[in-house]
Structure formats: structure tokens, C-alpha cells
Amino acid sequence: MSRLKQIYSWLDHRLQLGKPLIEMAEHPIPNRTASWWYVFGSAAFTLLLLQIVTGILLALVYVPSAGEAWNSLNFLNHQLTLGWFLRAMHGWGSNFMVAVVLIHMAQVFLFGAYKYPREFTWTLGVFLLLMTLGMAFTGQVMRFDQDAYWGLGIGASIVSRVPWVGGSLVHMMLGGPIIAGATLSRFFTLHVFVIPGLMLVFTFLHVWMVLKLGINEWPMPGRVVRRSTYMAEYHELTTRDGLPFVPGGVWKDAVFSAAIIAAVAVCAVVFGPFGPSGQPDPTIIQTVPKPDFFFLWLYAVLSYLPPSLETPFLLIAPVLGIAALLGLPFYAAEGEKSWHRRPIAILVLTTVAVSFGVLTHLGTYTPWSPHMDAWSGGPSIPARFLHTASPLEREGAVVFQAKQCRNCHSIAGYGGQRGPALDDIATRMTKDQLIRQVLQGGGNMPAYGKNLSPSEVTALVSFLETLHPANEPAAADAAQAAATGPSGH
Amino acid sequence: MNIPSHPEENPMPQSHAPAEDRLTVSRRWLLLKIGIAFNAVVGLAITVPVLKYLFAAVKPDAAYKSWVSLGPIADFPVGETRLAKFTNPVRLSWDGETSGVACWVRRVAEREFQVFAINCAHLGCPVRWFPQSQLFMCPCHGGAYYADGSRASGPPERGLFTYDARIVGSTLQIDAGQMPTLSNTAKLVQLDGGHDRTKGDSPCRG
Numbered sequence: 001m002s003r004l005k006q007i008y009s010w011l012d013h014r015l016q017l018g019k020p021l022i023e024m025a026e027h028p029i030p031n032r033t034a035s036w037w038y039v040f041g042s043a044a045f046t047l048l049l050l051q052i053v054t055g056i057l058l059a060l061v062y063v064p065s066a067g068e069a070w071n072s073l074n075f076l077n078h079q080l081t082l083g084w085f086l087r088a089m090h091g092w093g094s095n096f097m098v099a100v101v102l103i104h105m106a107q108v109f110l111f112g113a114y115k116y117p118r119e120f121t122w123t124l125g126v127f128l129l130l131m132t133l134g135m136a137f138t139g140q141v142m143r144f145d146q147d148a149y150w151g152l153g154i155g156a157s158i159v160s161r162v163p164w165v166g167g168s169l170v171h172m173m174l175g176g177p178i179i180a181g182a183t184l185s186r187f188f189t190l191h192v193f194v195i196p197g198l199m200l201v202f203t204f205l206h207v208w209m210v211l212k213l214g215i216n217e218w219p220m221p222g223r224v225v226r227r228s229t230y231m232a233e234y235h236e237l238t239t240r241d242g243l244p245f246v247p248g249g250v251w252k253d254a255v256f257s258a259a260i261i262a263a264v265a266v267c268a269v270v271f272g273p274f275g276p277s278g279q280p281d282p283t284i285i286q287t288v289p290k291p292d293f294f295f296l297w298l299y300a301v302l303s304y305l306p307p308s309l310e311t312p313f314l315l316i317a318p319v320l321g322i323a324a325l326l327g328l329p330f331y332a333a334e335g336e337k338s339w340h341r342r343p344i345a346i347l348v349l350t351t352v353a354v355s356f357g358v359l360t361h362l363g364t365y366t367p368w369s370p371h372m373d374a375w376s377g378g379p380s381i382p383a384r385f386l387h388t389a390s391p392l393e394r395e396g397a398v399v400f401q402a403k404q405c406r407n408c409h410s411i412a413g414y415g416g417q418r419g420p421a422l423d424d425i426a427t428r429m430t431k432d433q434l435i436r437q438v439l440q441g442g443g444n445m446p447a448y449g450k451n452l453s454p455s456e457v458t459a460l461v462s463f464l465e466t467l468h469p470a471n472e473p474a475a476a477d478a479a480q481a482a483a484t485g486p487s488g489h
Numbered sequence: 001m002n003i004p005s006h007p008e009e010n011p012m013p014q015s016h017a018p019a020e021d022r023l024t025v026s027r028r029w030l031l032l033k034i035g036i037a038f039n040a041v042v043g044l045a046i047t048v049p050v051l052k053y054l055f056a057a058v059k060p061d062a063a064y065k066s067w068v069s070l071g072p073i074a075d076f077p078v079g080e081t082r083l084a085k086f087t088n089p090v091r092l093s094w095d096g097e098t099s100g101v102a103c104w105v106r107r108v109a110e111r112e113f114q115v116f117a118i119n120c121a122h123l124g125c126p127v128r129w130f131p132q133s134q135l136f137m138c139p140c141h142g143g144a145y146y147a148d149g150s151r152a153s154g155p156p157e158r159g160l161f162t163y164d165a166r167i168v169g170s171t172l173q174i175d176a177g178q179m180p181t182l183s184n185t186a187k188l189v190q191l192d193g194g195h196d197r198t199k200g201d202s203p204c205r206g
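As you go down the protein sequences, you meet chains F and G in turn.
End of the first sequence sits at 489 in our numbering; the numbers just go up one at a time, nothing left out.
End of the second sequence sits at 206 in our numbering; the numbers just go up one at a time, nothing left out.
Because the hints were derived from the structure by calculation, they are not lab data.
Check before you lean on any hint, since a few could be wrong.
Stated by the list, open to error - Examples of chain F residues lying across from chain G (beta carbon under 8 Å, computed):
{"id": "1", "residue": "W150"}
{"id": "2", "residue": "S157"}
{"id": "3", "residue": "I158"}
{"id": "4", "residue": "M172"}
{"id": "5", "residue": "V301"}
{"id": "6", "residue": "L305"}
{"id": "7", "residue": "Q437"}
{"id": "8", "residue": "Q440"}
{"id": "9", "residue": "S453"}
{"id": "10", "residue": "V457"}
Virtual Cβ for every residue (Gly too), placed ideally from N, Cα, C.
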């Protein structure tokens, strides 16, 4: 034992780290802050370490070359012992990290922890969030498959919308004129050197400030932050009702971190690695590209924006959003921290969370996209629709199926959701309205006037006119009926 | 100098700078300023080539584009739209499959072609041609285009991007080389609907 002590004191005399580390471990934290609510920051840090370790282990095998990356991923998945597990850990670690960082940020916002004197801790945190998302996107590119390829295409198309320098930015992003070898090389550099390097520096400063300034106290209604008095109040709080960080607060961090890593490992074992999907061959166009989970909300936004708003939104909204996040602690450096006294903060957080949830949910089933194979790959129109149909109406059903109407319109629960379901279309539109809609399109529907012969239109519309419930008549033009139909009813 | 075995009893000696007169100090500050200026000059001299290296991929569109053959025109029946594939003229040996490019070739008449980029004008996803309904549809956000490439519906702001095309002997050639986006299509034709081609947009017509 004394031998160990001797070695320690020999080392510490040279390292000079013992004293500051012990001071750090013993610094007092407010009693109520030793709470399970405060474990997300340390969990994010643990996940960062997990990503670094698994990332290095994957880099032992992965080939960052456009011609070989996909093959090396499949080698990892199928041939190398437990390669699939490392890929799964890294992939699930990424998902958990984005989630934990977002939860950490929401908690810090909810607890008013960004207020004086912790404004800059929040600022660095915003950059760490952006870098985490940057790692998630560049990581998706490392999985060099069809989704990665077309995801880069979407990225390049967004970048190309920047006025004046858009073309040059696309060349910079792709490393050349097309998505190819140079593109993967530079995204590899970003994913492995540039962003992780910055992240480590920012994380060090972020944690340094948390330790030096002290962890945020539990917000109490009426305990208002003032620049002039806060430091003294905080000092008083930690001395009167405080406990040392080690082990008082840190044991919960340790338990939660271990639980998170265990959860990542369980997900990795149960659900396995992500992809790779099809090979990154741009001439294979039978593909439905989709971003990873945390960008699905953006995918949904991009399909719902009106065309004229798209470029302004894409270029201005991120700038405003990031500016709002960065400006927040400077706008609201003082005042109430408690959520009981911050209704607008609660409203903002709820709105953001609900929007994120709804848009992500929409992104999982993409109601705006035509189902490319619905006309040929699914069940045909059920017999009950054609049971009593005339030959003309049946011919119309064939036109309906063969002209890919079903890629956008569902019947009997099968088909695209781009346009309305047509199960009872006849109750909403008269014959003339149906003809006009088919021929001229409009309301986001292409015009079929040039693509259908007059007899096909007649057949199609007569089929559509049968689509109404038995107890509900088809819509009719009253004026026309009065002018041409038999009188007496 | 041996490090003592009981450091607690022998704290590290503090370095005591000898008292310096103002003249010496100002000379050292001057030397430091010279050192900083020297670093600035060297830094600047190195930055210029580094930036040139970093921006090497930024070139005018013409530097990337050249005429590429899509094969004999006999491969494209009149009145039909077919998928054609070619290898990008600017490529690296480690590009693998990614140097391949696909495009849609529409043979309007015996000697009249329209060649559309595979990339949707919205966000670059690959559009698919449906001959039955005479529409191009995009799987990503639901953009749709008519047979002549003009916009039918959905989020795209414009029609499909087109390549300039010409017939040399009996082969079809297009002027290609980079991924078509909204930023590099100024010289390409904006289709405005209908089957009438704007005069002069297709070199193969002369």
C-alpha cells in the first residue's frame, strides 16, 4: 500500500494533476441538483466516447473509397467476426446520442440553466448540437449506399439554391462535378477528423465551465436570477445546503451512463446494424431514398412547402433558428428560472416537440410521395366495386389501374396518399367535374388530357361515378338535371 | 538536479525572473513583435496555396462539361422515352459505380431528341418514367412532370433539367459532365409546356 502511495506521489509530483482533480471532485453542488434530471449531459459525453471508440474500431476495416466502401460495409456485416455488432453499436450509438443531446438541451431550457452566468455554456452547447447533427448526416454518408448517394444529391440541391455562389458551393461540397470518389473522401475527412476534433475541444470547454461555474441549482418559483447577486446566492446555497459532487451527484450520472450504453448494446443486438441498402449505383433508379430518423422531419417540411417558399425557407429558416438559439441566453440572462413562471418557454418547447413528433411521424410513411408500384405491385380493385358494373365501367377500372392513377389515389385502402382516396369520390364530384379534373388536372394533379383518349376518359369517369356508398347517391348537377332530365321529382 | 523524494517537504521552487530594466523589456517585446510579424508573413505565404488546393474543385461549368455519346440513335424508337446510361467524362479511377450517370432520352421525331436529367428539379432524386400515363414521377417528394419534361405537379418550381443534344453520324451525343442543379442550369432550356420546342435549343435540329 505504501508502495502504491509512493508511486502515486512520484507521478503526481510530475503530472501536477492531483490537487485540481480532487478540488473538482469535491466542489459542492446544491443538494436538490443531485437529481435524475441532471444525468443527460454526462450521458451525452459517455455516448460521444462510445462513438469515438466504436468509430476507431470500424475505421480499422472500413475503406473510405467510393468504389470499395459499400463492399467493405458488407464485409463488416457478413464476414468479419462481430463486425455487424460494431456497426450496430456505432449506428445505434448515433441515434441515442442525438436523442440524449436533444433531451439534455430541452432539460437545460426548461430549468433556465442557460441564464447568467452560464450563457456561454449554452452557446457552446448549441454548437455541440449542430456538430452532433453534422456527425449524424456525415455518418449517413459513410454508409455509402443508395440512401447516402441520393441524400448527398438532396444536400447538393439545397446548397445549389444559395444565390450567386450556389454552383461553387456544390463543387466544394462534392469535391467535383458529381457525387463520386472525391465526395466520399471529403465527407470521411469531416466525419473522422474535422467535426470530432472540434467536438472534443468544445466538449472540454463546455464541461470545464460546468465544473467551474457550478451546476445549475433546482429552479424555485420566486428565486429570480440577478447579475448583481447571483454568484453570492449560489455560493450561499451550495455551502448551506450542498454536498460534494463526488459521490453526491456523480453516482446517478454513472448509473445512467451505464444504462444508456447497455440500451445501445441491447438495440444493437436485437435490431442489428443499419444497412447498407442497395449499392450506390446512380443508374439504378428503382429506389425510394429516405433520410435517417433524425432528418425525417426536414424531409416532411420539404414536401409540404409551397414551391415559391422553398428556397427562402431553406436558406433563411436555419439562420434564424440558430440565431434564436444562440441569442436566447443573452436575451433572457436574468429572471425566473422556474417553469411555473415561464409559460411562453413551456409553450415554445411543447410546440417544437409536437411539431418534431408530427413531422417525423409523417416522414415515416410519406403520404406526399406517389407509391411507384401501387398500379402494378398490389392488389387489384376489389370485386365488390365491380360487382354490378357495366362493361364500360369495368373498362374504366382497367384504365384507372393501367394509367397509374392508383400511385397517388387509394381505393379500398391500397394506393398512394398524394391525392384523396377515391372510395366515395362520386359523392363529392359530379360527372362534369370529374371529366374536367381528369383532363385538366389542377390542385396538384397532373392533366391527363393528352395521355387519355376520349373513350378512355369516358370509361374512367363512368367507373369513378360508381364510387359512392349504397345509401348515398352520387353528386349530380341540379341545374343540368332540371334542364335535361325528366320532370316530376 | 535531483527531484527530492518527499515533494511535500520540498515544494517546487518558484521561478524568480531577475529584475529587468525597461530597455531590456522593450527589446524583448520588439523581438516578440518581429516574431509575430514573421509568422504572419509565412502564414500568409502558406495560406494562399492551401486555399488554392482547397478550392481546386470549384471550376466554371464549361471545365467539367464535354460531349458524351449515348449510343446509336437507332436504340431510341421515335415517340418513346428510354433510360440511357453513360460514364461521366470527369472521373477518378476510384469512383466505382458512382461515375455512372443515367438520363431519359425522348425521341420526339426522326432527328429530334430531348434528353432529360435523371435528377428531379426539386431536390435531385431520380425521377421514373411511366409510359402508360406519360408522366415522370419522383419518389422523394412527389414531383411529377409531363412527357416533354414540363412541370405537372408537386414541389418542383420548374420542368426537368435538359442536356443539350446533337446527332453526330448516327450516334446521339449530349453535353454533360456535372450533376444538374438549379445553380448550373442557366444555359439550359427552360421548358414551358407543350410539344413545341423553342427554336435553337437543340443543336441537333440544324
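Hints, one by one, checked against the model:
{"no.": "1", "hint": "W150", "verdict": "holds, 6 Å"}
{"no.": "2", "hint": "S157", "verdict": "holds, 4 Å"}
{"no.": "3", "hint": "I158", "verdict": "holds, 7 Å"}
{"no.": "4", "hint": "M172", "verdict": "holds, 6 Å"}
{"no.": "5", "hint": "V301", "verdict": "violated, 10 Å"}
{"no.": "6", "hint": "L305", "verdict": "holds, 7 Å"}
{"no.": "7", "hint": "Q437", "verdict": "violated, 12 Å"}
{"no.": "8", "hint": "Q440", "verdict": "violated, 12 Å"}
{"no.": "9", "hint": "S453", "verdict": "violated, 12 Å"}
{"no.": "10", "hint": "V457", "verdict": "violated, 13 Å"}
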